[in-house]
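**Student:** Got chain A; can you put chain B on it based on the hints?
Spelled out from the first residue to the last, the chains are:
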Amino acid sequence: MKPGTTSAACTALLKRDLALTWRRRGDALNPLLFAIIVVALFPFALGPEAQILERIAAGTIFVAVLLASLLSLDSLFRSDLDDGSLEQLVLSPHPLSLLLACKIAIHWLTTAVPLIAAAPLLAMLLHLPDSVLPVLLAALALATPLLSLIGAICVALTVALRRSGMLLTLLVLPLIVPVLIFGAGACNAAQAGLPYAAPLLWLAAWLVLALVLAPLATAAALRISLT
Amino acid sequence: MPACTGTMKMSPLVLWFHKLGSPPYFYRLAGRFLPWLYAIALVTGAVGLYGGLVVAPADYQQGDSFRMIYVHVPCAWMSLFVYAFMAANSFVALVWRIKLSETLAMASAPVGAAFTFITLVSGSLWGKPMWGTWWTWDARLTSELVLLFLYLGVIGLYHAIEDARQAARAAAFLALIGVVNLPIVHYSVVWWNTLHQGQTVSLMGQSKISSSMLWPLLTMAFATHVYFFASLLARSRAALLALESGKEWVRGIAQAREAHAHG
Numbered sequence: 001m002k003p004g005t006t007s008a009a010c011t012a013l014l015k016r017d018l019a020l021t022w023r024r025r026g027d028a029l030n031p032l033l034f035a036i037i038v039v040a041l042f043p044f045a046l047g048p049e050a051q052i053l054e055r056i057a058a059g060t061i062f063v064a065v066l067l068a069s070l071l072s073l074d075s076l077f078r079s080d081l082d083d084g085s086l087e088q089l090v091l092s093p094h095p096l097s098l099l100l101a102c103k104i105a106i107h108w109l110t111t112a113v114p115l116i117a118a119a120p121l122l123a124m125l126l127h128l129p130d131s132v133l134p135v136l137l138a139a140l141a142l143a144t145p146l147l148s149l150i151g152a153i154c155v156a157l158t159v160a161l162r163r164s165g166m167l168l169t170l171l172v173l174p175l176i177v178p179v180l181i182f183g184a185g186a187c188n189a190a191q192a193g194l195p196y197a198a199p200l201l202w203l204a205a206w207l208v209l210a211l212v213l214a215p216l217a218t219a220a221a222l223r224i225s226l227t
Numbered sequence: 001m002p003a004c005t006g007t008m009k010m011s012p013l014v015l016w017f018h019k020l021g022s023p024p025y026f027y028r029l030a031g032r033f034l035p036w037l038y039a040i041a042l043v044t045g046a047v048g049l050y051g052g053l054v055v056a057p058a059d060y061q062q063g064d065s066f067r068m069i070y071v072h073v074p075c076a077w078m079s080l081f082v083y084a085f086m087a088a089n090s091f092v093a094l095v096w097r098i099k100l101s102e103t104l105a106m107a108s109a110p111v112g113a114a115f116t117f118i119t120l121v122s123g124s125l126w127g128k129p130m131w132g133t134w135w136t137w138d139a140r141l142t143s144e145l146v147l148l149f150l151y152l153g154v155i156g157l158y159h160a161i162e163d164a165r166q167a168a169r170a171a172a173f174l175a176l177i178g179v180v181n182l183p184i185v186h187y188s189v190v191w192w193n194t195l196h197q198g199q200t201v202s203l204m205g206q207s208k209i210s211s212s213m214l215w216p217l218l219t220m221a222f223a224t225h226v227y228f229f230a231s232l233l234a235r236s237r238a239a240l241l242a243l244e245s246g247k248e249w250v251r252g253i254a255q256a257r258e259a260h261a262h263g
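Line order of the protein sequences matches chains A and B.
Per the working numbering, the very first residue in the first sequence carries number 1; after that it's consecutive.
Per the working numbering, the very first residue in the second sequence carries number 1; after that it's consecutive.
No lab work stands behind these hints: they were computed from the structure.
If you're wondering where the values come from, they're calculated on a predicted model, not measured in any experiment.
Beta carbons are placed, not taken as given, at the ideal position from N, Cα and C, and that holds for glycine.
One or more of the hints may lead you astray.
Quick look at which bits of chain B chain A covers, simulated, 3 or more residues with Cβ under 8 Å [said to hold, decoys possible]:
1) 161–174
2) 178–185
Partial pick of chain A residues on the chain B-facing surface, computed with a CB cut under 8 Å [claimed, not checked]:
3) P134
4) L137
5) L171
6) L175
Looking at chain A on its own, in the form it has when it is part of the complex (with noise of 0.2 Å):
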């Protein structure tokens, strides 16, 4: 059998895995719901005054989502590994790192994007001032896919653990430690006025080389991790 071109392949598996996304869209919103709840908590321990809740919103947002997209990696290769098509994905001929390349482009497309879209609702029951919005919207749009690439590489290592809950967190943690740094110190520095743009032009910068580089890095450790 002549196997198909490269691109047939990817655009193959993007759809099916927007499809089987689709068709399970009550658990995609999972993690749009616990970073909602976890925002939500912060005023019942710390008080509804509204100057202490302006000052750690953005932290506090940021932290929701970080945490709300580690909840959701777990599903990045789960189903594929259950019913087989992960292997099928690296004995394929097309390039491994391509095609992961894909599914974390559609994990990022389903879990991340509704967390930025939800982002002015949590900004707004933080009482984040507007003139901050649009520098946490372009920190989180910059930040989870950073999120997602780093986040797929340490999914890929501890793929084939029955229970990798804890242990991914671990894993992940110490390496994103930079995104949130970055990400939240752009949203405070806008609040202090002062200015903002490095932050996100670091932010920028390492997305840029996560993307050439964490789809290699996760095809390696796929590999290390089904042999």
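**Tutor:** Okay, now just chain B, sitting in the frame of chain A:
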């Protein structure tokens, strides 16, 4: 492969290096080195501690509290040295698939984590009388904490996967990702720290260290290095026995032990 035909002549050094990669040879050689390394580590450690805690004069600013550096600083150096050693072995293990490098990398992870932990605890104990607080989000402390998490991730991944060789390769891969990550973490923490708080703490104040304070520190650094290699060899020997438990040479060692015990 022409190198394996046996007709080609290898230089003695290359031959020795190839032999070192064989588990039985390494096991025997490490066993011969081990008592010496432990002895050297013990003696130099005792001399260094005596020099640091008794002989060296008290600091004119910090008093006797400064003596914590004789534990803290060598451990901090070791926490980075061991990570570099682990990463170098991980690289060799992944690229050339040398079993011994996998073992060495995984055997060094718990020792490195222990050094990192001691660094954090001793720094915290020193910070309480000096800075008036157990913990501050200083760039170095934060980086060291992230380093500890990286070590724990490597150890956790290694123990979570059942097949020992696959586990070692996955954990080695993680260790290499950590190498890329560590400088990024360090510089981002420095940036974050300067953005948020002006509190900068210079570790030694203005005082330049005098030679009477320096030699115990260098002795301690030497002792911790030797101790690390002793501990590494002991751990690798145990790990190799477990990994190769079905092999002839391990059976030979077990039988020899049994004969010795009964005879």
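**Student:** It remains to establish, for every hint, whether it holds in the given structure.
**Tutor:** Status of the hints after comparison with the structure:
no.: 1; hint: 161–174; result: holds (count 6)
no.: 2; hint: 178–185; result: holds (count 4)
no.: 3; hint: P134; result: 20 Å, violated
no.: 4; hint: L137; result: 21 Å, violated
no.: 5; hint: L171; result: 5 Å, holds
no.: 6; hint: L175; result: 5 Å, holds
Of the numbered hints listed earlier, those contradicted by the structure are 3, 4.
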